[in-house]
Amino acid sequence: MAIEFLDPTHESGAAAFAPAKRLATLKGATVGIVSNGKKGTKPFFDAFERELKERYGVARIVRTTKSNYSAPAEAEIMTEAERWQALVSGIGD
Amino acid sequence: MSIAQPVTKLAAGLRSKRHRGDDFAAAQELFHSRGWTDGLPVVPPTPPLVSACLEWALMPPEQLVGIEPVRQRPITAEKLAVNAVMAGCLPMHFPVVVAAFTAMLQEPFLLHGATASTGGSAILIVVNGPIRAELGMCGSFNALGPSDRATTVIGRAIRLVLLNLLDARPGEIDRSTLGHPGKISYCVAEDEEGSPWLPLAEERDVPPGASAVTVLAAGAPRQLMNEWTTAPEEILDTYASEIRASMRHYSIWPGNYAIVVPPQLRAHFERAGWSKADVREYLHRKARVRRSEWADCGKGSVVGDRGEREYAAFESPDEVLVVAAGGPAGGFGAVIPPWYGNKSRAVTMAIGACVDCEA
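These protein sequences, in sequence, are chains A and B. Heads up, the first sequence is in our numbering, so the first residue is 1 and it goes up one at a time. Heads up, the second sequence is in our numbering, so the first residue is 1 and it goes up one at a time.
The shape of chain A in the complex, shown without the other chains:
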């Protein structure tokens, strides 16, 4: 006998999280790096920062760190991020 049942998922789209517009180039850009604060992020982002500057011509890097590994970035960081052309968020496990 056929069974009719209801969809268990949220059924809402993911429009609120659409990707940001892509940059044509990083040359001359200000790029923010938001670390989750774990120890491993430091050497990784040090190397990443050098790559961005030397290989891609990034003009300025802004390094910030969240106060809680597992929570979203603080409002102050997100406000600051509005002045950046690109943002890289990374974990350090």
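For the record, the hints were derived by calculation from the structure and aren't laboratory data. In this text, all values refer to a predicted model and were calculated from it rather than measured experimentally. Each statement offered as a hint is correct.
The list that follows gives simulated cross-link-like pairs (lysine to any residue, SDA-like), each with its CA atoms no further than 25 Å apart:
{"hint": "1", "chain 1": "A", "residue 1": "K38", "chain 2": "B", "residue 2": "T118"}
{"hint": "2", "chain 1": "A", "residue 1": "K42", "chain 2": "B", "residue 2": "H249"}
{"hint": "3", "chain 1": "A", "residue 1": "K66", "chain 2": "B", "residue 2": "G304"}
{"hint": "4", "chain 1": "A", "residue 1": "K42", "chain 2": "B", "residue 2": "G304"}
{"hint": "5", "chain 1": "A", "residue 1": "K42", "chain 2": "B", "residue 2": "Y250"}
{"hint": "6", "chain 1": "A", "residue 1": "K66", "chain 2": "B", "residue 2": "S176"}
{"hint": "7", "chain 1": "B", "residue 1": "K299", "chain 2": "A", "residue 2": "T65"}
{"hint": "8", "chain 1": "A", "residue 1": "K39", "chain 2": "B", "residue 2": "S301"}
{"hint": "9", "chain 1": "B", "residue 1": "K17", "chain 2": "A", "residue 2": "I3"}
Which chain A residues stay away from chain B? Per the calculated CB distances, all over 12 Å, these:
{"hint": "10", "residue": "A20"}
{"hint": "11", "residue": "R22"}
{"hint": "12", "residue": "K27"}
{"hint": "13", "residue": "T79"}
Every residue, glycine too, gets a C-beta built ideally from N, C-alpha and C.
Starting from the known structure of chain A, fit chain B onto it as the hints suggest.
Quick look at chain B alone, frame taken from chain A:
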């Protein structure tokens, strides 16, 4: 065998998309193929079963239970009921699921982090009050395992809600490195009748006689044993030792550790006149480590110059969650560690409470 075709019609106020399977087996295959279940069979959430849950709780389908704070995802009563039915809940179980998830949506719980973290926590639900007897919940034998129908299906409902409403599937939002078996179901009813102690919810400001849940993003239980003393201090030294082990091996940060105390050990506290407050006070004093202890267990590289600094498992005695539960015989107990110290805090909520209603 053909499986479901979405049907767009809406009826009886239920707004979820409808699917149809040729039979029970076809419905199961649809749920598994879509990643809508935890690997176990589900009860197909038919409109009458879902409506029955909502009617029992006096909730219209569109009632907003809350909004997940990070991704701003609305959680409606209908969607909670769909997942509760799938888990095996009867209508009378549904208000507990609603209360538990409402508690999880409160800011201090840090729901997104707790469910997404590599740390792999599960949602421990402790149930207090008269609803335990109404639902046939058992805080005795096998209290932390599958002790009875109600605790098993309520704990499972929470996991299915996380899967289906917050996409907490392994490898998607759930990034757990290991996880633990409590992620299937992790619900315990406190043995209030077998204990002179205040129920956990009452210690956390729920009025006497009200039913309530306390939720904690938690690691797996760490079982201990001490059958060789009757002194409360020595019994608690065993608990404190287990907590210190967790601080050394897992996370040094203070937070809501739950301790589970079965009857055989409780009897010694009762004879000595120790209340839960006494237990909490003692553990607050004794559950401490120095950072230098990390060097004994392979973590010497992160001791740094703070070796002599002392770390307490609890910022205050109020952070200790003492739960009376377990079968009558055996000098066992358990420590249930928090997922990530006090970054996520236990939340207690009365069942049937409205968090946004005016007083």
